[in-house]
Amino acid sequence: MIQLHNVTLAYQQDASALNNINLRIGKGEFVFLTGPSGAGKTSLLRLLYGALTPNRGQVLIDGQNITRMTPSQIPLLRRSIGVVFQDFKLLQNRTVFENVAITLEVLGWGRADIGKKTMHILKQMGIESKYNLVTQRLSGGEQQRVALARALVNDPKILLADEPTGNLDDANKNQILTIFKEANIRGTTVVVATHDRRLIEQSHKRLVMLNKGEIVEQVEKETTSDDQTF
Amino acid sequence: MNKWKKKQPATIKPFKRPTLSGDGFGGRAGFFLSRAITNIRQNVFVNVVTVGTITLALLIVSLFLLVFVNLESAAENWSERVQVTVYFDKELTSQEQAAFREKISALSGVSRVGYVSRDEAMKRFKSRLRGQETLLEGVRPEVLPTSFEIALKRSHRDTTSVEAFVVALKRIPGITEVQYGEEWVRRFNSFLNFMRLLGALLGGFLVIAVIFIVSNTIKLTIYSRRDELEVMALVGATRFFIKAPFLLEGLIQGTAGSILSVALLFGLYEGFLHNAGSFLTFNPATSGLSFLPIEYLAGLLCAGALLGFIGSLTSLKRFITV
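Chains as they are written, first to last, in the working numbering: chain A, 1 to 230; chain B, 1001 to 1322.
Do not take every clue at face value.
What the hints assert, rightly or not - Quick partial rundown of chain B residues pointing at chain A, CB under 7 Å, derived from the structure:
#, residue
1, Ala1029
2, Glu1228
3, Val1231
4, Leu1234
5, Val1235
6, Ala1237
7, Thr1238
Unchecked claim - Some chain A residues flagged as far from chain B (calculated, every beta-carbon gap over 12 Å):
#, residue
8, Ala15
9, Thr42
10, Leu91
11, Asn99
12, Asp170
13, Asn172
As the list claims (entries may be wrong) - Calculated pairs, DMTMM-like style, for lysine to aspartate or glutamate (alpha carbon to alpha carbon, straight line, at most 25 Å):
#, chain 1, residue 1, chain 2, residue 2
14, A, Lys130, B, Glu1228
15, A, Lys89, B, Glu1120
16, A, Lys117, B, Glu1230
17, A, Lys130, B, Asp1227
18, A, Lys157, B, Glu1228
19, A, Lys116, B, Glu1228
20, A, Lys117, B, Glu1228
21, B, Lys1243, A, Glu29
22, B, Lys1090, B, Glu1120
23, A, Lys157, B, Glu1120
24, B, Lys1317, A, Asp113
25, A, Lys89, B, Glu1228
26, A, Lys89, B, Glu1230
27, B, Lys1243, A, Asp113
28, A, Lys157, A, Asp87
29, A, Lys123, A, Glu163
30, B, Lys1243, A, Glu98
31, A, Lys130, B, Glu1230
32, B, Lys1090, B, Glu1102
Simulated from the structure, these hints should not be mistaken for laboratory data.
Backbone N, C-alpha and C fix where the C-beta goes; we use that ideal spot for every residue, glycine too.
Let the sequences and hints guide you as you build the complete structure.
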């Protein structure tokens, strides 16, 4: 699903943010990217949804080489990728419903279908009762669930998350992790960048460790009782 | 009933292919329009500021245009005085009059030819000396010259054309004495050219300033909503999809601003200006400023709409980094 070949990325003249990265993430995989701040986690994610282009190397998403895409093709790529951030990036003066519906409006869905599908995903996230509140009145955990609803409402092939639990308490972290797992079960490839050790240890998933722009260690998925139940 | 056949829970029932909101251009345009109107309603303050800026900017430009148009029409009135007169010492017979009239009319640039007989000249002389008719005692019409008064077409009232016309006129046999107030024509034309240059310069600077102010205002309003642009780009909106509502919004703002500025201008005109301009013309019949002609008003409307549209377009370019 995701392949990186010899990817090098440098911001201006600085030392490269990513250095000769080779990575392959299969369809339906759940991968944690971890490492200290400045290791290149965010840069790597930004490469995957086409916000950055590498200076060298190739990035393939679902067989398409996105380093060769024209600017007009990037939006089409993003329609199959959901992204969530530590700071949620919600529209603060809009309601929960509007924040989620925007994904489907962009796809050109009709009003009735948008209504049904949006309420459906809000119900999955457990925030359907708040659909008419403006997002700035929600708690951090609720806001992240709105962001997740926005990312998942059109059933993306890939879900990218950049420190999704950075602003959340433990109870909310667990809920968010559960949502990631559920999305993964439905077939979505999930890539989560985090330096939250506990989150990683809890979930027993494949781990890619970055440091100074290079992959320093990879831990393959541990087969645990947790996994077997799915 | 087959007990192995699992009943699918409603929650994971796959969705049918969604109906698209209005396929084709018309449906899209409707969507963008409703989006633009929603945006305006959700950002009332910002929109009021933008429309206000466009209104004031266009009001300044239209006031300038009003003055300029009136100066031009005053100049037009003054230029009526550019007139060439051919004098004769004798009364012309009607055949001679017809012959001269024909020859003069054949020259290019002539708009009107009028014969002034001795009696007519005497009448004018008298009316000019009204109240002092005693001065004319003993003056008989025979001492006055007869003449042809020739008015020129608008395009032939500049100095060189008038001079060329006089040269051509003098070539007609029988015409010797021609007067046309050359000094006045020259001065009038150089004054007119100076006014036009000044107007063009001032107007040019004004328009540049207005474009600058309006585009910066729009830039600020779009800057205040850059998170929206970012989110739209993130969920896979094409550039056109992101831009279209903003462009429509700019168009609406510009049109609203220009309508308001024309309304304000009309109010100002009705309130103060329509009788304030008698210094511009010497003819009491046309004293007072006239309102802008309809072409200028239409032009202002288009300029407003264009201003809003282009302002949004250039500002968006800076903030959309898809």
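Hint-by-hint comparison with the structure:
1. Ala1029: violated, 13 Å
2. Glu1228: holds, 6 Å
3. Val1231: For B/Val1231, the interface hint holds, since the closest Cβ of chain A sits about 6 Å away, which is under 7 Å.
4. Leu1234: holds, 6 Å
5. Val1235: Holds. Min distance 4 Å.
6. Ala1237: Hint holds; B/Ala1237 Cβ to chain A Cβ min 4 Å, cut 7 Å.
7. Thr1238: holds, 5 Å
8. Ala15: holds, 24 Å
9. Thr42: Answer for A/Thr42: holds, closest chain B Cβ roughly 14 Å.
10. Leu91: Nearest chain B Cβ is 6 Å from A/Leu91, so the label is violated.
11. Asn99: Nearest chain B Cβ is 8 Å from A/Asn99, so the label is violated.
12. Asp170: holds, 27 Å
13. Asn172: holds, 22 Å
14. A/Lys130 with B/Glu1228: holds, 21 Å
15. A/Lys89 with B/Glu1120: Violated, at roughly 89 Å.
16. A/Lys117 with B/Glu1230: holds, 23 Å
17. A/Lys130 with B/Asp1227: Roughly 22 Å between the alpha carbons, so the hint for A/Lys130 and B/Asp1227 holds.
18. A/Lys157 with B/Glu1228: OK: A/Lys157 and B/Glu1228 at ~24 Å, within 25 Å.
19. A/Lys116 with B/Glu1228: Status holds; Cα separation ~23 Å.
20. A/Lys117 with B/Glu1228: holds, 22 Å
21. B/Lys1243 with A/Glu29: violated, 36 Å
22. B/Lys1090 with B/Glu1120: Satisfied, since the Cα-Cα distance of roughly 14 Å is no more than 25 Å.
23. A/Lys157 with B/Glu1120: violated, 99 Å
24. B/Lys1317 with A/Asp113: Not OK: B/Lys1317 and A/Asp113 at ~32 Å, beyond 25 Å, violated.
25. A/Lys89 with B/Glu1228: Measuring from Cα to Cα gives roughly 9 Å; hence the hint holds.
26. A/Lys89 with B/Glu1230: holds, 9 Å
27. B/Lys1243 with A/Asp113: Measuring from Cα to Cα gives roughly 24 Å; hence the hint holds.
28. A/Lys157 with A/Asp87: holds, 23 Å
29. A/Lys123 with A/Glu163: holds, 24 Å
30. B/Lys1243 with A/Glu98: Status holds; Cα separation ~18 Å.
31. A/Lys130 with B/Glu1230: Holds, at roughly 24 Å.
32. B/Lys1090 with B/Glu1102: Roughly 19 Å between the alpha carbons, so the hint for B/Lys1090 and B/Glu1102 holds.
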